[in-house]
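Same order as they appear, the protein sequences are chains Z and U.
Residue 1 is where the first sequence starts when you use the numbering used here, and the numbers rise one by one after that.
Residue 1 is where the second sequence starts when you use the numbering used here, and the numbers rise one by one after that.
Each hint should be verified, as a subset may be incorrect.
With beta-carbon atoms standing in for the labels, derived distance ranges [to be verified]:
(1) Leu262/U <-> Asp230/Z: 33 to 41 angstroms
(2) Ser467/Z <-> Arg365/U: 45 to 53 angstroms
(3) Ser179/U <-> Pro203/Z: 27 to 35 angstroms
Partial list, derived from the structure: chain Z residues whose beta carbon lies under 10 angstroms from chain U [what the hints assert, rightly or not]:
(4) Pro76
(5) Ile196
(6) Ala206
(7) Thr218
(8) Pro405
Hints are computed from structural coordinates only; laboratory data are not their basis.
By construction, the Cβ of each residue, glycine as well, lies at the ideal position given by its N, Cα and C atoms.
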Amino acid sequence: MTVIDTEPTAVAAPLPALPVEKPLLRDYHAARWDEPLIFQLSAEGHRGIDVPAEDPAALEATPESVFRRSDAPGLPEIGQSQVLRHYLRLSQETLGADLNVDIGQGTCTMKYSPKVNERFAGSGQSVHTHPLQDTSTMQGTLQILHELESYLAEVSGMDAVSLQAGSGSAAIYGNVKIVQAFHESRGEAEQRDEIITTIFSHPSNAATAKTAGYKVITLYPDENGFPDLDALKAVISDRTAALFITNPEDTGIFNPRITEYVDAVHAVGGICVYDQANANGLLGIARAREAGFDLCHFNLHKTFSTPHACGGPAAGAIGATNELAPFLPGLRVERTSEGYAWAKPSESATADIRPFHGVIPNLIRAYTWIRSLGPEGLRQVSEIAVLNNNYVLAQLLKVDGVTAPYAAGQHRIEQVRYSWEKLAGETGVSSSQIGARMADYGMHYWTSHHPYVVPEPLTLEPTESYSKRELDEYIEALRHTAAEARSNPALLQEAPYRSSIHTVDVDATTDPDTWATSWRAYRRKYLGEEFAAVPRWQPATDLPVRQRPPKAHHR
Amino acid sequence: MSTAAGPLRIGLIVNPVAGLGGPAGLKGSDGTDIQAEALRRGSVPRSAARMGRMLRELRRRDVPVWLLAAPGALGEDAARAAGWESDAVVPWPGATAPAATTAADTTTAAAALTACGIDVLVFAGGDGTARDVAAGLGPDDVVLGLPAGVKMQSGVFARSPESAAGILADAARGVGTTSVAEVVDIDEQARREGIISSTLYGQLRVLGARAQMQGGKVGSRSEPREVLGGIAAECAGRIDPEAMCLLGPGTTVAAVAAGMGLDSSLLGVDVLHRGRLVATDCSAAELHQVTAGHRLQVLLSPVGGQGFLLGRGNQQLDEALLARLSPAELLIVCTPEKLGALGGGPFYVDVPGPDLAAALTGPRRVVTGRRQEAVVRLQAA
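Looking at chain Z on its own, in the form it has when it is part of the complex (with noise of 0.2 angstroms):
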């Protein structure tokens, strides 16, 4: 085994300047490949690994032999350096967070997730355990879920922790469940059948607050930019379920009455949820407890450094008053004088949001994120994280073109919804356009979720991950491109030049008939081939059809 000394030996000299400084916008060009499919890649008798033939008769006492499929699956036959290639490509084409500098996923953006988590997260003692072996075989993994839920009970400042959320909308999602069983207890569930959420909070919470079967009442901002709280206050009732609510919310002012809107709907009865999704300007500084909420939620992969896993799985962690915990759903970690054992679950707890313990590597991902850095280094995270945000806030307001609506002269927390709607009256350019401009540059960009309140709109979240050289880069990058919308406003409308791909139709992507999401589809809606229908589920026909609101898009 090598041992690395981490430690400097010796005092190093500086390093020489270098002779020429590089400029902050960078000659960027993406990579393209028109990389075919995989499946067109494949040639007969190709293969990556060549396994030995099998003998039949020695293979028939086994128990795979029940249920070994007669048919090989239609997998492509390719080789192993064929298949690294075709992958790498496929990944030079993308602009992930540990390539650009992503803080343009602004209420989104991933922190970095730090490499060697993943030795943890992938260690046998945690890849290779069943969900149902004893729990005297895996007492290190429910070590880490107990000491999980007591750190994040400490950020909190909640009673109990329930971690077995795989997003942080299922969490949310939870929540609204716990919601509803709490008032079932008390007999109020049906009268209590709104659910109060802001326009600029998480749209997760109206989102699961609606699938759950609540009326869902939106407040919009004040000429401060905060939730209009005499709005609040006129349509609280004893029908009010709960409020969600984030803060600060997408335009990054924190709210300092937020205790009032709090007492408001406490005063008639319903409950109030703090969606920390996106606790990056929090840690250590403000608590959901102090602030008098019942429940909360995190999503681990947004503060707490886990992937976001393409979508998923990720991790949500429930954050829960006593009087609510009985209501958390899945398996709780207790310690007992034999060790780490699952609690037994209350009666009114809430059905499972999935099978079994939430998704543990990302648990362990969090976990170890969180004692690599201690208490004091959580609230530097968030230190840091403001700092950024209001140093490309002060950058930003430089920009001949863009604002930041509300709270003129203030400081934000850790995000900024900006506003580019004087470049757009002046120059025709609309914010979507600047974003595709800003790929050519190697840089993500985000506007908002819809409807957009705040027009030609641009949110930007630079968390505690990247340095000040990377944050100049972007503001330079958005300078430069704010700079050629009034030089040269048509280059714009036709932009990305030097990205993977060209402009995507928008209505082709939310229309499922173009998808193709498997080779066999691409090969029936592209290639014209036939296949012999599937068995489906099919509706009864007196099924009412639900309806469904529209697919918004985001550009």
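Chain Z is fixed; fit chain U onto it per the hints.
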């Protein structure tokens, strides 16, 4: 504009026939035939009264101004009726002042007033008046519109006479700003046939910041069927079949009617009763007649881009009708995208009389979809 020394020099123009078609349900007032029809249907000229409201508020604010009015019905009469002897009446270029007021008179008056060296030309009228005023102005002239048309699409209007007085008072104190706004007008004849098409006629320099104007109307983009369908389904459960439900203009309200299998007039006010449209495209007088003795409900959607809920495009809902309406029976619908573009509100209410305004303003629930509401502040314009 010069505001550094001396009083603010204000030129006044009233288009006495502006807005006549509104209460009559005529979608506009262009042309002498339409104006005659509006008068026959009981419409009362109101643009002079709106100029009067502005002048009274301006006097209350006690700022240094100097008035120069167009003669007779074109301005002078309104100033006198408001108890304000205008400091001067602009000499009319012709031998005698005009008796009938035509588009050309407005243009002539605008040119004559600006030739006398005014700081700002204030006119009461609608989009047609704005067009006619623009035709008489040079590129550096500054205007301010008092909304007195049926449903203004141009961005040159203050939200109300009172807010216009506020903008003028700021300018008189030397803290005014100007902005550039578009003059837009629609083809009223096409609109009567249910076709909305508007044309850009140029730009004017306007007194006041863009945020102080009522804003140009933003047309409905084609909303996905599901959005309007959700609003329609939600409203179907809230419309009381026993009440007389007045359906206001606009595509969102029309979608609610369509959801109930009804073919409403896109731009008029219709009456829904027991699942049937009992009257369509009504004037104020007709609405009074049809709904007499019945409880009222009113279904309205704000004007996109402007946020006006009452007083633009639906003047048929006059003071007497609104006074009969219990505020809880005012149903408001708005698509989420339109509401977002309006910054989440406020919605403006331009109604005569402070009592009515007080009854209708404050935070209100707005239907934005199936089992989905927003809370929006209603505010007097």
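Hints, one by one, checked against the model:
1. Roughly 36 angstroms separates the CB atoms of Leu262/U and Asp230/Z, a value that falls within the hinted 33 to 41 angstroms.
2. Range check, Ser467/Z to Arg365/U: about 48 angstroms between beta-carbon atoms, so the 45 to 53 angstroms window is met.
3. For the hinted restraint 27 to 35 angstroms between Ser179/U and Pro203/Z, the CB-CB distance of approximately 34 angstroms keeps it satisfied.
4. Proximity of Pro76/Z to chain U is violated relative to the hint, the smallest CB-CB distance being about 39 angstroms (cut-off 10 angstroms).
5. The beta carbon of Ile196/Z is positioned within 10 angstroms of a beta carbon in chain U (closest approach about 8 angstroms), and the interface hint is therefore held.
6. Among the interface hints, the one on Ala206/Z holds; its C-beta lies about 8 angstroms from the nearest C-beta in chain U, closer than the 10 angstroms criterion.
7. The interface hint given for Thr218/Z holds, since its Cβ lies 5 angstroms from the closest Cβ of chain U, which is under the 10 angstroms cut-off.
8. For Pro405/Z, the interface hint holds, since its Cβ comes within 10 angstroms of a Cβ in chain U; the closest pair sits about 9 angstroms apart.
When held up to the earlier numbered hints, the structure conflicts with hint 4 and nothing else.
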